[in-house]
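Given the coordinates of chain W, work out where chain D should sit on it, guided by the hints.
Protein chains in written order, with the working numbering: chain W, 1 to 163; chain D, 1 to 301.
Treat the hints with caution; some may be incorrect.
[As the list claims (entries may be wrong)] To give an idea of the chain D side of the interface with chain W (calculated C-beta under 8 angstroms), a few residues: (1) H121; (2) D123; (3) L124; (4) V128; (5) D142; (6) S145; (7) A147; (8) S161.
[Said to hold, decoys possible] So the derived label-pair ranges between C-beta atoms look like this: (9) A114/W x R241/D: 48 to 58 angstroms; (10) D142/D x G5/W: 11 to 21 angstroms; (11) L205/D x R62/W: 45 to 55 angstroms; (12) S8/D x R3/W: 16 to 26 angstroms; (13) P20/W x V273/D: 43 to 53 angstroms; (14) D74/D x R51/W: 51 to 61 angstroms; (15) S166/D x G5/W: 23 to 33 angstroms.
These are calculated hints, taken from the structure and not from any lab test.
Note that CB positions come from ideal geometry on N, CA and C, so glycine has one too.
Take a look at the letters that make up each chain.
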Amino acid sequence: MTRLGDLERAVMDVLWDSVPSTSDGVTVREVADALAGRELAYTTVMTVLDRLAGKGMVQRQREGRAWRYRAAASREAHIAQLMLDALDLGGSRDAALVRFARSVTGTEAEVLRAALSAEATGVSPVEHATGGAGRAGALADRVEAPTSTRADRPTSADEPADR
Amino acid sequence: MAYALHFSLTILACWVTAQVLARSTWPWQSPRVAIVCWQAVGLALGLSAMGLPIALGVSAYDLPPGSGLVALFDDLLHNRLPAGVNALHLSWVGIGFGIGAVLLTTTVRSTHAALRAQRRHRDLLALVARDDPAVPGALVLDHPSAAAYCLPGVKPRVVVSAGTLSLLDPAELDAVLTHERAHAQERHDLVLLPFTALGRALPWLRWVRQAHERVALLVEMRADDKARELHAEAPLAGALRRFATAGHRITPAGALGLGDRDLDVRVQRLLVVDEPRRLIVVTALAVASTLVMLPISLFLS
Numbered sequence: 001m002t003r004l005g006d007l008e009r010a011v012m013d014v015l016w017d018s019v020p021s022t023s024d025g026v027t028v029r030e031v032a033d034a035l036a037g038r039e040l041a042y043t044t045v046m047t048v049l050d051r052l053a054g055k056g057m058v059q060r061q062r063e064g065r066a067w068r069y070r071a072a073a074s075r076e077a078h079i080a081q082l083m084l085d086a087l088d089l090g091g092s093r094d095a096a097l098v099r100f101a102r103s104v105t106g107t108e109a110e111v112l113r114a115a116l117s118a119e120a121t122g123v124s125p126v127e128h129a130t131g132g133a134g135r136a137g138a139l140a141d142r143v144e145a146p147t148s149t150r151a152d153r154p155t156s157a158d159e160p161a162d163r
Numbered sequence: 001m002a003y004a005l006h007f008s009l010t011i012l013a014c015w016v017t018a019q020v021l022a023r024s025t026w027p028w029q030s031p032r033v034a035i036v037c038w039q040a041v042g043l044a045l046g047l048s049a050m051g052l053p054i055a056l057g058v059s060a061y062d063l064p065p066g067s068g069l070v071a072l073f074d075d076l077l078h079n080r081l082p083a084g085v086n087a088l089h090l091s092w093v094g095i096g097f098g099i100g101a102v103l104l105t106t107t108v109r110s111t112h113a114a115l116r117a118q119r120r121h122r123d124l125l126a127l128v129a130r131d132d133p134a135v136p137g138a139l140v141l142d143h144p145s146a147a148a149y150c151l152p153g154v155k156p157r158v159v160v161s162a163g164t165l166s167l168l169d170p171a172e173l174d175a176v177l178t179h180e181r182a183h184a185q186e187r188h189d190l191v192l193l194p195f196t197a198l199g200r201a202l203p204w205l206r207w208v209r210q211a212h213e214r215v216a217l218l219v220e221m222r223a224d225d226k227a228r229e230l231h232a233e234a235p236l237a238g239a240l241r242r243f244a245t246a247g248h249r250i251t252p253a254g255a256l257g258l259g260d261r262d263l264d265v266r267v268q269r270l271l272v273v274d275e276p277r278r279l280i281v282v283t284a285l286a287v288a289s290t291l292v293m294l295p296i297s298l299f300l301s
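So here's chain W without its partners, still in its complex pose (with noise of 0.2 angstroms):
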């Protein structure tokens, strides 16, 4: 029994790294496809798929009958909120981490800010027209036929299944 937190975490890295930044995403049946290794069952994707859009890090959009799925941020992003975090440059010091030492540059420190402040231009509004319709949106996923053969579809998708 894999834990859940591995499962999102494979799901984000296919996510990641096999979902081209310009295609508006993958349905359940591309992830579960690219994660082929572990032998999970299509139900499990779409609840992982879920959970990771509860938590924001994950846009769904509809597209006809099924729902797109892409990472809301990149990986970067997210390792640049840590560090700022981390660097205690956040601007907020609500999660109370302890420090060993501070040591930033202001470059670096503007490097980071740039990273978010990019991330943030870019993302759309999608995630909160489409939260509230969530549950009814994952049912049609389901009913969906597996026969998605998109041109733009990435040929490396099964390779980071196995982290």
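Relative to chain W, chain D alone:
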């Protein structure tokens, strides 16, 4: 009136103790005792801030504040207020309880915000941090800047960045990890929490902010002590120095000024072996317990 004076004197004593604590260097030899002293100052101050207006409010009863409050509530319940008690007195009592409520709610809100931010941080770590054989038990963030920190909680996480891995040699890295684990084990986040909350409730009070900074430094020193128990001084001091010189110090003024000075203080402290002086420790603990007992005894009497 005598009781109100008593509370005022406690507040004054707290202020003097805080000044002494902030200026002396003995806290660096015994950070744990100094942390207890700061906590005592904070607690005594909070209780006295509540007690002073309450004592003014119940002064007509000529009883200690505790018994005075009981008498006042009894009279209020039976709708018979003595001649000496007017609206002004009642509003003093209200202010006292108001201060207590503000202190309590800011602490609760601070805790809530911390838990939420920590959960978010933990979720993100689960998605992007990786394990590394070089640092067993810790998580690694792939970023060239140097950072090492502890995400507190029931299941604490020690996190280092890839920049830290390349900055430090294995012995230094071990010392830093022990340092961070000490933060996690002794729940230093909880030590800092009330001071953070107080800083939020009274953001305009400079010396509340200073108290927070002092305690934050003492907590680091305490963790440094744990690290040097297990490893020697040299790797820890080395790690601190490397962190201090990793940046080029072109950060905007003010943002990191204190951090830099604190690093120097911590390194100096590791180099000079100075045993804690027993007399000072005993005196400090006696002062701390007296400070706390002053307002509590008034409330209980």
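Comparing the hints with the structure gives:
1. A least Cβ separation of about 5 angstroms between H121/D and chain W falls short of the 8 angstroms threshold, and the interface hint therefore holds.
2. For D123/D, the suggested interface contact is upheld, since its CB lies about 6 angstroms from the closest CB of chain W, less than 8 angstroms.
3. Proximity of L124/D to chain W holds as hinted, the smallest CB-CB distance being about 5 angstroms (cut-off 8 angstroms).
4. For V128/D, the shortest C-beta to C-beta distance to chain W is roughly 5 angstroms, which falls under 8 angstroms, so the interface hint holds.
5. With a least beta-carbon distance of about 6 angstroms to chain W, the hint placing D142/D at the interface is held under the 8 angstroms criterion.
6. Hint status for S145/D relative to chain W: holds, with the closest Cβ pair at about 5 angstroms, below 8 angstroms.
7. At a threshold of 8 angstroms, the smallest CB-CB gap from A147/D to chain W is about 4 angstroms, leaving the interface hint in force.
8. Checking S161/D against chain W by beta carbon gives a least distance of about 7 angstroms; that is within 8 angstroms, so the hint holds.
9. Under the hint 48 to 58 angstroms, the C-beta atoms of A114/W and R241/D, about 29 angstroms apart, miss the expected range.
10. Against the hinted window of 11 to 21 angstroms, the Cβ-Cβ separation of D142/D and G5/W comes to about 19 angstroms, which satisfies the hint.
11. Between L205/D and R62/W the C-beta distance comes to about 52 angstroms, which sits within the given range of 45 to 55 angstroms.
12. Distance hint for S8/D and R3/W: a CB-CB separation of about 58 angstroms, inconsistent with the stated range 16 to 26 angstroms.
13. For P20/W paired with V273/D, a C-beta distance near 59 angstroms fails the hint of 43 to 53 angstroms.
14. Here the CB-CB span from D74/D to R51/W is close to 56 angstroms, well matched to the stated 51 to 61 angstroms.
15. A hinted range of 23 to 33 angstroms for the beta carbons of S166/D and G5/W is consistent with their spacing of about 28 angstroms.
The structure fails to meet hints 9, 12 and 13 from the earlier list, while all remaining hints are met.
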